[in-house]
Amino acid sequence: MSNIDLKELKEKAKEIRIKTIDSIGFLGVGHIGGAMSIIELLTILYYKKMKIDPINPKMADRDKLVLSKGHAGPALYCTLADKGFFPVKWLHTLNQGGTKLPSHCDMNMTPGIDMTTGSLGQGLSSAIGLALSMRLDNIDRNVFAIIGDGESQEGQNWEAAMAASQFKLNNLIAFTDYNKMQIDGYTKDIMPIDDLEAKWKAFGWNTYRINGHDFSALDNTIDSARQSFDKPIMIILDTIKGKGCSFAEGKLNNHNMPFTYEEAKEAIKILEETNV
Amino acid sequence: MSEKDMRDVYTETLIEMAETNENICVMEADLMTATGTKPFKEKFPMRTFNVGVAEANLVGIASGLSAGGKIPFAATFGCFAARRTFDQFFISANYAQQNVKLVGTDPGVSAAFNGGTHMPFEDTGLMRCIPNLVIFEPSDTVSLKKLIKQAADHKGSTYMRLQRKGKNSLYKESDKIVLGKGNVLKEGSDVTIIASGYVMVPEALEAAELLGKEGIKAAVIDMHTIKPLDKKLILEYAKKTGALVVCENHQKACGLFAAVSEMLAEELPTPVQAVAVEDKFGQVGTLEYLQEVYGLTASNIVEKTKKVLERKQIRVGVQNG
Ligand SMILES: Cc1ncc(C[n+]2csc(CCOP(=O)(O)OP(=O)(O)O)c2C)c(N)n1
Ligand SMILES: [Mg+2]
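Chains as they are written, first to last, in this note's numbering: chain C, 1 to 276; chain A, 1 to 321.
I should point out that these hints are in silico values taken from the structure, not numbers from a laboratory.
Every value quoted in this text rests on a predicted model; they were computed, and no experiment measured them.
For glycine and all other residues, C-beta sits at the position ideal for the given N, C-alpha and C.
One thing to keep in mind: the hints can contain errors.
What the hints assert, rightly or not - One-sided excerpt, in silico: chain A residues whose CB lies under 8 Å from chain C:
#	residue
1	D5
2	T33
3	G52
4	A54
5	N57
6	G115
7	G116
8	Y289
What the hints assert, rightly or not - With a straight-line cut-off of 27 Å between C-alpha atoms, the simulated BS3-like cross-links for lysine-lysine are:
#	chain 1	residue 1	chain 2	residue 2
9	C	K168	C	K58
10	A	K227	A	K186
11	C	K14	C	K251
12	A	K231	A	K217
13	A	K252	C	K100
14	C	K89	C	K58
15	A	K167	A	K38
16	C	K251	A	K165
17	A	K38	C	K180
18	A	K41	A	K146
19	A	K181	A	K155
20	A	K41	C	K180
21	A	K227	A	K239
22	A	K240	A	K306
23	C	K100	A	K43
24	A	K176	A	K217
25	C	K251	A	K43
26	C	K83	C	K265
27	C	K49	C	K89
28	A	K38	C	K251
29	C	K10	C	K251
30	C	K83	C	K7
31	C	K188	A	K38
32	C	K188	A	K41
33	C	K188	A	K43
34	A	K252	A	K240
35	C	K180	C	K251
36	A	K41	C	K251
Using the sequences and the hints given, assemble the complete structure.
So, in structure tokens, the structure goes:
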């Protein structure tokens with residue numbers, strides 16, 4: 001990746017961060033922590049990796065994304081709005097009665113959302129179904145799935161892990177947003193999931209572990225993952241929950257946080273003044 | 001108004017019971033912060049189990065704790081308590097005749113900003129299909145405390161719908177509240193409004209007030225226990241008033257309205273009208289917005305009351321003619 005590309009992606013991520021803080025702050029409460037930790041991932045997927053068409057969101061031969069940790073929806077909505085899937089002004093309707101942008105991702109409401117999620121643990125199975133459909137339809141694209149580290153405690157993920165490997169789904173690229181936190185505390189204290197890489201390997205997946213906020217690492221790893229011969233791929237992302245939102249970053253209570261629009265604006269100002 | 005939120009009363013009551021009963025345990029699935037049971041954990045760390053985001057495992061382990069002689073109170077959002085763990089709760093807890101106290105928080109529209117995926121309109125209905133299970137939904141902080149204690153004493157599993165937030169108190173400490181028996185909150189002779197839960201009971205009382213201004217005398221019953229149903233009380237008021245309205249923050253198909261209607265159909269056919277969610281999924285919004293959208297309001301209760309009174313007139317007409 002050239003330095004110019006890198007700078008552009010960083011600028012984009014900053015914009016999406018700002019929009020996400022703004023949209024949640026406008027409402028006054030929301031899942032800020034888990035939204036912030038996947039901004040770089042969403043940015044590189046939607047701006048550099050995925051074949052998608054905002055004018056034709058249901059295009060048959062597109063790449064698809066299942067945001068299994070559906071509570072991070074606002075980050076995805078801001079990305080999709082920025083891409084032009086729907087008007088940016090929708091972002092201020094987040095979670096309000098009659099909105100097309102509900103707290104958790106809904107494929108029947110929001111243009112660009114490929115799967116409905118919100119009940120944790122279900123998304124990876126859905127992603128397998130999508131990947132199998134692509135194979136049946138001879139569509140040579142990828143299904144991307146994002147699961148949380150807390151979410152990884154749901155047993156269904158491990159049923160899915162076996163299935164994807166049995167079906168040799170090399171078109172399935174999953175990410176674990178390993179931000180080390182869930183609602184009740186640090187994942188290691190609530191219900192440890194380590195050694196995550198060893199676990200996925202044992203279930204027959206190709207695995208990588210990288211810094212989830214590092215665009216170069218994301219870029220190389222996704223390209224390499226796409227070369228997988230006959231295995232599904234799990235990319236474990238070391239991330240920081242709340243990353244880039246001054247009042248939330250790294251805070252244990254940042255999962256579903258109330259904050260005022262003034263606080264949001266302050267956090268946005270800090271971001272704006274930071275050079276990427 | 002109580003000084004405490006519903007969830008604080010939940011935790012406080014568990015602590016109080018645990019002090020004298022060493023079998024009381026608390027279980028969570030990464031929603032301790034939401035349920036508010038941290039003070040229990042601080043007091044009784046050995047008797048507190050947080051299994052992470054794993055509801056099926058939550059209920060499975062609770063069943064084993066019960067088989068080992070413990071009394072686990074296991075909580076998660078109602079949508080997951082009912083839908084995610086249904087088979088575990090059905091088989092390991094109930095079929096196996098265990099003593100699991102399952103708690104589903106954020107019933108119906110109170111899931112508000114968590115939206116459609118998190119909005120249980122069917123939990124009571126699912127649970128009603130489990131033989132012998134006791135199902136209840138406290139309407140305020142006072143009845144919450146009293147009913148939890150009785151649930152703990154009950155030999156067998158229970159399911160409680162728990163409103164987490166809100167400090168409403170309808171009852172006095174001295175009021176008698178018995179699991180399995182409805183409480184008549186207001187007398188009336190024209191129609192009976194039966195309601196359950198934190199959201200609907202106050203709406204029912206408000207509706208009765210509005211109806212009173214129009215000269216309609218409505219009795220109001222807090223039917224906090226949905227199963228076993230207080231047949232005797234319902235039959236008494238069906239005879240006395242000849243018409244009923246059943247209000248619940250739940251799907252119409254399988255909840256309290258269904259329970260009351262099924263019983264009356266066999267025992268004493270009486271016109272009944274529902275104020276409930278009409279075969280719809282949940283959605284996102286504020287509590288007030290969602291109450292409007294699904295008609296879970298005093299004004300809809302008034303409307304449905306008038307409708308059922310018309311049907312009562314027609315029936316009386318038919319019987320007389
Ligand atoms: C089946 C299910 N159980 C519980 C919840 C409530 N819940 C929402 S997010 C969350 C914690 C998730 O932690 P993690 O996956 O680490 O998310 P992140 O840190 O990325 O926000 C929980 C328990 C849910 N949405 N679905
Ligand atoms: Mg996490």
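These are the hints, each one checked on the structure:
no. : hint            : in the structure
1   : D5              : 15 Å, violated
2   : T33             : 5 Å, holds
3   : G52             : 3 Å, holds
4   : A54             : 5 Å, holds
5   : N57             : 7 Å, holds
6   : G115            : 4 Å, holds
7   : G116            : 7 Å, holds
8   : Y289            : 4 Å, holds
9   : K168/C - K58/C  : 26 Å, holds
10  : K227/A - K186/A : 22 Å, holds
11  : K14/C - K251/C  : 20 Å, holds
12  : K231/A - K217/A : 22 Å, holds
13  : K252/A - K100/C : 26 Å, holds
14  : K89/C - K58/C   : 22 Å, holds
15  : K167/A - K38/A  : 19 Å, holds
16  : K251/C - K165/A : 24 Å, holds
17  : K38/A - K180/C  : 20 Å, holds
18  : K41/A - K146/A  : 22 Å, holds
19  : K181/A - K155/A : 17 Å, holds
20  : K41/A - K180/C  : 22 Å, holds
21  : K227/A - K239/A : 21 Å, holds
22  : K240/A - K306/A : 17 Å, holds
23  : K100/C - K43/A  : 44 Å, violated
24  : K176/A - K217/A : 24 Å, holds
25  : K251/C - K43/A  : 25 Å, holds
26  : K83/C - K265/C  : 23 Å, holds
27  : K49/C - K89/C   : 26 Å, holds
28  : K38/A - K251/C  : 18 Å, holds
29  : K10/C - K251/C  : 23 Å, holds
30  : K83/C - K7/C    : 18 Å, holds
31  : K188/C - K38/A  : 18 Å, holds
32  : K188/C - K41/A  : 17 Å, holds
33  : K188/C - K43/A  : 22 Å, holds
34  : K252/A - K240/A : 25 Å, holds
35  : K180/C - K251/C : 11 Å, holds
36  : K41/A - K251/C  : 21 Å, holds
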